[in-house]
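S.K.: The lines below spell out each chain.
Protein chains: 2
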Amino acid sequence: MSGTPPPIDRLAINLATVRQQWNLREAVEACGRHGITAIDPWRDQVATLGLAESVRVIKANGMRVSGYCRGGMFPAADDAGKQAAIDDNKRAIDEAAALEADCLVLVVGGLPHGSRDIDAARSMVANGVAAIVPHARACRVPLAIEPLHPMYAGDRACVNTLSQALDLADALGEGVGVAIDAYHVWWDPELKAQIARAGRAKKILAYHVCDWLVPTRDLLLDRGMMGDGVIDLHRIGSWIAQAGYGGPIEVEIFSKFDWWTRPGDEVLRTCIERYQTYCR
Amino acid sequence: MSGTPPPIDRLAINLATVRQQWNLREAVEACGRHGITAIDPWRDQVATLGLAESVRVIKANGMRVSGYCRGGMFPAADDAGKQAAIDDNKRAIDEAAALEADCLVLVVGGLPHGSRDIDAARSMVANGVAAIVPHARACRVPLAIEPLHPMYAGDRACVNTLSQALDLADALGEGVGVAIDAYHVWWDPELKAQIARAGRAKKILAYHVCDWLVPTRDLLLDRGMMGDGVIDLHRIGSWIAQAGYGGPIEVEIFSKFDWWTRPGDEVLRTCIERYQTYCR
Numbered sequence: 341m342s343g344t345p346p347p348i349d350r351l352a353i354n355l356a357t358v359r360q361q362w363n364l365r366e367a368v369e370a371c372g373r374h375g376i377t378a379i380d381p382w383r384d385q386v387a388t389l390g391l392a393e394s395v396r397v398i399k400a401n402g403m404r405v406s407g408y409c410r411g412g413m414f415p416a417a418d419d420a421g422k423q424a425a426i427d428d429n430k431r432a433i434d435e436a437a438a439l440e441a442d443c444l445v446l447v448v449g450g451l452p453h454g455s456r457d458i459d460a461a462r463s464m465v466a467n468g469v470a471a472i473v474p475h476a477r478a479c480r481v482p483l484a485i486e487p488l489h490p491m492y493a494g495d496r497a498c499v500n501t502l503s504q505a506l507d508l509a510d511a512l513g514e515g516v517g518v519a520i521d522a523y524h525v526w527w528d529p530e531l532k533a534q535i536a537r538a539g540r541a542k543k544i545l546a547y548h549v550c551d552w553l554v555p556t557r558d559l560l561l562d563r564g565m566m567g568d569g570v571i572d573l574h575r576i577g578s579w580i581a582q583a584g585y586g587g588p589i590e591v592e593i594f595s596k597f598d599w600w601t602r603p604g605d606e607v608l609r610t611c612i613e614r615y616q617t618y619c620r
Numbered sequence: 341m342s343g344t345p346p347p348i349d350r351l352a353i354n355l356a357t358v359r360q361q362w363n364l365r366e367a368v369e370a371c372g373r374h375g376i377t378a379i380d381p382w383r384d385q386v387a388t389l390g391l392a393e394s395v396r397v398i399k400a401n402g403m404r405v406s407g408y409c410r411g412g413m414f415p416a417a418d419d420a421g422k423q424a425a426i427d428d429n430k431r432a433i434d435e436a437a438a439l440e441a442d443c444l445v446l447v448v449g450g451l452p453h454g455s456r457d458i459d460a461a462r463s464m465v466a467n468g469v470a471a472i473v474p475h476a477r478a479c480r481v482p483l484a485i486e487p488l489h490p491m492y493a494g495d496r497a498c499v500n501t502l503s504q505a506l507d508l509a510d511a512l513g514e515g516v517g518v519a520i521d522a523y524h525v526w527w528d529p530e531l532k533a534q535i536a537r538a539g540r541a542k543k544i545l546a547y548h549v550c551d552w553l554v555p556t557r558d559l560l561l562d563r564g565m566m567g568d569g570v571i572d573l574h575r576i577g578s579w580i581a582q583a584g585y586g587g588p589i590e591v592e593i594f595s596k597f598d599w600w601t602r603p604g605d606e607v608l609r610t611c612i613e614r615y616q617t618y619c620r
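Residue numbers (this note's numbering), protein chains in the order written: chain A, 341 to 620; chain B, 341 to 620.
Only chain A is shown next, with the shape it has when bound in the complex:
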């Protein structure tokens, strides 16, 4: 019908995108008002509202939970630290199960404090994920290993390419896949081939979008709205589709200079417009 906007049924909003404007309840209700049908909450947001009330609010608004952010952070300087991370990840799995999340997103962690041994950190990640796989399977919560941009290798995630994440997921088997965030992987010369590989293995559990700004003023909190940067989201989106992924397309923007300073409704309206222009 002429004048009817394109559907937004595959659009999901990662609630970090509006975390400065709204708490979980407000954000979920706002997404509902805008016709958005899927959200990805963060653990601190759920903890603030309480798990039971978060579940209730999400269900009452008919929201799909496209993912739960986040588990991971496995490397630690000692065994007690590693065990604490495993225990905490098991709690995150329990919460994800209660929320009926499509997956638990894993930001795997960087170097333990004082370490320069990235190979050791990568081994700790492999061991850490392996340690939580049985609990995740028992709870039917898929684990989505998210490769992070190499600029986070030191402090956030030492899994930095899709190839690396898929090697891990392959080794761990059933119930472990990947979250592909265009922001983290757009530069990778192997991206097309690795997305195809992920599709063949049926390992794509989530697809996140935003944009890379030129210039980027902050390593963590200066992500751009789709269309404002240099990522070819059409092309990457087509590779994701060709790989057989038909799930939510999740907008995740940390933007201390821009989007976090605007009214939440304006942010959501813009997410919808840009999703329709760049991500379908």
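A few of these clues could be false.
One copy or two, it doesn't matter: identical chains are merged, so the pair holds either way.
Stated by the list, open to error - With a straight-line cut-off of 20 Å between C-alpha atoms, the simulated SDA-like cross-links for lysine to any residue are:
| id | residue 1 | residue 2 |
| --- | --- | --- |
| 1 | Lys542 | Ser503 |
| 2 | Lys532 | Ala460 |
| 3 | Lys532 | Asp457 |
| 4 | Lys596 | Pro555 |
| 5 | Lys596 | Arg557 |
| 6 | Lys422 | Asp495 |
| 7 | Lys430 | Arg480 |
| 8 | Lys430 | Val554 |
| 9 | Lys532 | Arg456 |
| 10 | Lys532 | Asp459 |
| 11 | Lys532 | Asp558 |
| 12 | Lys532 | Asp507 |
| 13 | Lys542 | Trp579 |
Hints were generated in silico from the structure; no laboratory data involved.
The hints should help you fit chain B onto chain A, whose structure is shown.
M.R.: What follows is chain B alone, placed relative to chain A:
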């Protein structure tokens, strides 16, 4: 002999490290005072002093020129822009020849303004380097393709891994190699294998060091002094040595918050100490 400091004959100073403190003449003379025997000047520094005088000062102080920074920046929105880049690179080759530089370092360039097509930019880079190879060979100036950290893919260099740089260098043949900067490649899961590959191909033309700070406060100008960050320079240095590279180890630090604010002599003393501790 007890008490004798380890030799620093392989230490080179990239003059960007002290660009806020000294012009080329002052920097070269200061390096001489500190017993440093190799430097890598930037084109703007040479232009300010004049090429002939730069050559004279460098020779008068007995300095080896471990590299010349920099050529590259090949992608452009139109043919005129691409040709201008090629012409400018030929001039850079001429200057490098006059300076008797070990190589011309190529920072290949990112996306042309308004473009999101990184594959096209990568093709422009391959074509651009190919266009200057004959002149570089005629002038006996080796071209060192420097893969830059993926956080520069948008605006500075769309060659982002050593593997990619070596693929290019292999395709272009004689007279083209790579500059390996630990800052750009330390995170790469393939680093060890690709350094070995570069060594077998005798393509390592330069090795640069500094450190990755956690946190990093600026994408471009917050590099750390060796030892202040998380890069395992001992390990990477051992891979470089195993690959057969025995040339200069060049310190290149852009540091607007720290080292650019300190007296140049303190910076050079610290470079020497840290080189002796972390890079040999």
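S.K.: Could you run down the list of hints and mark each one as holding or not?
M.R.: Hint check results:
1. Proximity of Lys542 and Ser503 under a CA criterion of 20 Å is satisfied intra-copy only: 14 Å inside one chain copy versus 27 Å between copies.
2. For the identical chains of this complex, Lys532 and Ala460 are inter-copy neighbours only, at 15 Å across copies versus 29 Å inside a copy, given an alpha-carbon limit of 20 Å.
3. In the homo-oligomer, the alpha carbons of Lys532 and Asp457 lie at most 20 Å apart only across protomers (13 Å), although the nearest pairing inside one protomer, at 30 Å, exceeds that limit.
4. Taking the shortest alpha-carbon separations for Lys596 and Pro555, both the intra-copy value of 14 Å and the inter-copy value of 17 Å come in at or below 20 Å.
5. Taking the closest pair of Cα atoms, Lys596 and Arg557 come within 20 Å of each other both inside a single copy (10 Å) and across two copies (14 Å).
6. In this assembly of identical chains, the alpha carbons of Lys422 and Asp495 lie at most 20 Å apart only when taken from the same copy (16 Å versus 38 Å across copies).
7. In the homo-oligomer, the alpha carbons of Lys430 and Arg480 lie at most 20 Å apart inside one protomer (12 Å), although the nearest pairing across protomers, at 61 Å, exceeds that limit.
8. Taking the shortest Cα distances, Lys430 and Val554 never come within 20 Å of each other, neither inside one copy (38 Å) nor across copies (28 Å).
9. In this assembly of identical chains, the alpha carbons of Lys532 and Arg456 lie at most 20 Å apart only when taken from different copies (15 Å versus 31 Å within one copy).
10. For the homomeric pair Lys532 and Asp459, the shortest alpha-carbon distance between copies (11 Å) is at most 20 Å, but the shortest distance inside one copy (26 Å) is not.
11. Proximity of Lys532 and Asp558 under a CA criterion of 20 Å is satisfied in neither setting, with 27 Å inside one chain copy and 30 Å between copies.
12. When the C-alpha separation of Lys532 and Asp507 is checked against a cutoff of 20 Å, the pair qualifies both within a copy, at 16 Å, and between copies, at 18 Å.
13. Within a single copy, Lys542 and Trp579 get their C-alpha atoms as close as 14 Å, which meets the 20 Å cut-off; across copies the closest is 37 Å, which misses it.
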